[in-house]
Amino acid sequence: MQIDIVRAALSERPLLRQLSELYMYDLSEFDPELEITPHGTFDYSVDRYWQDANRYPYVVYVEGKPGGFALLKRGAYLAQDPEMMDLAEFFIIRRHRRKGVGTFVAEQLFGLFPGRWEIRQFAENHGALLFWRKVIDRYTAGDFKEFSVNNEFWNGTVQYFENS
Numbered sequence: 000m001q002i003d004i005v006r007a008a009l010s011e012r013p014l015l016r017q018l019s020e021l022y023m024y025d026l027s028e029f030d031p032e033l034e035i036t037p038h039g040t041f042d043y044s045v046d047r048y049w050q051d052a053n054r055y056p057y058v059v060y061v062e063g064k065p066g067g068f069a070l071l072k073r074g075a076y077l078a079q080d081p082e083m084m085d086l087a088e089f090f091i092i093r094r095h096r097r098k099g100v101g102t103f104v105a106e107q108l109f110g111l112f113p114g115r116w117e118i119r120q121f122a123e124n125h126g127a128l129l130f131w132r133k134v135i136d137r138y139t140a141g142d143f144k145e146f147s148v149n150n151e152f153w154n155g156t157v158q159y160f161e162n163s
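Quick note on numbering that gives the first Met the number 0: the sequence shown kicks off at 0 and runs consecutively.
The set of hints was computed from the structure by calculation and includes no laboratory data. Every value quoted in this text rests on a predicted model; they were computed, and no experiment measured them. Glycine residues also receive a C-beta, built at the ideal position from the N, C-alpha and C atoms. Don't take every hint at face value.
Taking lysine to aspartate or glutamate and the EDC-like style, the derived pairs with C-alpha atoms no more than 16 Å apart in a straight line are [claimed, not checked]:
(1) K64 <-> E11
(2) K98 <-> E161
(3) K72 <-> D42
Now the in silico label distances, taken between C-beta atoms and shown as ranges [unchecked claim]:
(4) G110 <-> R132: 18 to 24 Å
(5) R132 <-> E82: 21 to 27 Å
(6) K98 <-> R132: 27 to 33 Å
(7) G126 <-> E32: 27 to 33 Å
(8) Q1 <-> G39: 30 to 36 Å
(9) R12 <-> H38: 14 to 20 Å
(10) E151 <-> L129: 23 to 29 Å
(11) L9 <-> K133: 33 to 39 Å
(12) N149 <-> Q107: 19 to 25 Å
(13) L9 <-> L129: 16 to 22 Å
(14) F112 <-> V148: 18 to 24 Å
Generate coordinates for the entire structure from the input sequences, incorporating the hints supplied.
What follows is the structure in structure tokens.
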């Protein structure tokens, strides 16, 4: 299976917007704050990923067709560490899940940005928790930290690791 991870060009912004709608639809099951607009969209803003040098948008292509995306940023959300990498959003379309696509993409992205990482999952998103535990455990050979967080900023699980 051919999997390509491409830093999204500005011309791919409409594609990323559309993929983010699919992602938000899936995520709305776990995030009570996600509301659909009167226009029938979630309106997740991807624009900032082309406006901020510390944000990195990627599109995943599987067999030459869009298969997902990843939005990364330097500056961790919970750790408040300006140098730590934050996997802000990660999405693989359903038809490519459980086939190794997500694992491959995650490991490739980790390799592009050596250093400290923060990965988060919503408390109710058990599938994501199992996926990320497995991926991070494999990638780090078990050398990572995991915490449950329930505060005003986050309700879920967070993993930290370093790959430098």
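Hint-by-hint comparison with the structure:
1. K64 <-> E11: 13 Å, holds
2. K98 <-> E161: With a Cα-Cα distance of about 26 Å, the restraint between K98 and E161 is violated, given a limit of 16 Å.
3. K72 <-> D42: 19 Å, violated
4. G110 <-> R132: 18 to 24 Å: 19 Å, holds
5. R132 <-> E82: 21 to 27 Å: 24 Å, holds
6. K98 <-> R132: 27 to 33 Å: Check failed, 18 Å falls outside 27 to 33 Å.
7. G126 <-> E32: 27 to 33 Å: For G126 and E32 the Cβ distance comes to about 20 Å; the hint is violated.
8. Q1 <-> G39: 30 to 36 Å: Hint holds: Cβ distance 33 Å, inside 30 to 36 Å.
9. R12 <-> H38: 14 to 20 Å: 18 Å Cβ-Cβ, so the 14 to 20 Å window holds.
10. E151 <-> L129: 23 to 29 Å: This hint holds: roughly 26 Å between Cβ atoms.
11. L9 <-> K133: 33 to 39 Å: 34 Å, holds
12. N149 <-> Q107: 19 to 25 Å: Violated - the Cβ-Cβ distance for N149 and Q107, about 32 Å, lies outside 19 to 25 Å.
13. L9 <-> L129: 16 to 22 Å: Violated, since L9 and L129 (Cβ atoms, about 35 Å apart) do not stay within the stated range.
14. F112 <-> V148: 18 to 24 Å: The hinted range 18 to 24 Å holds for F112 and V148, with Cβ atoms some 23 Å apart.
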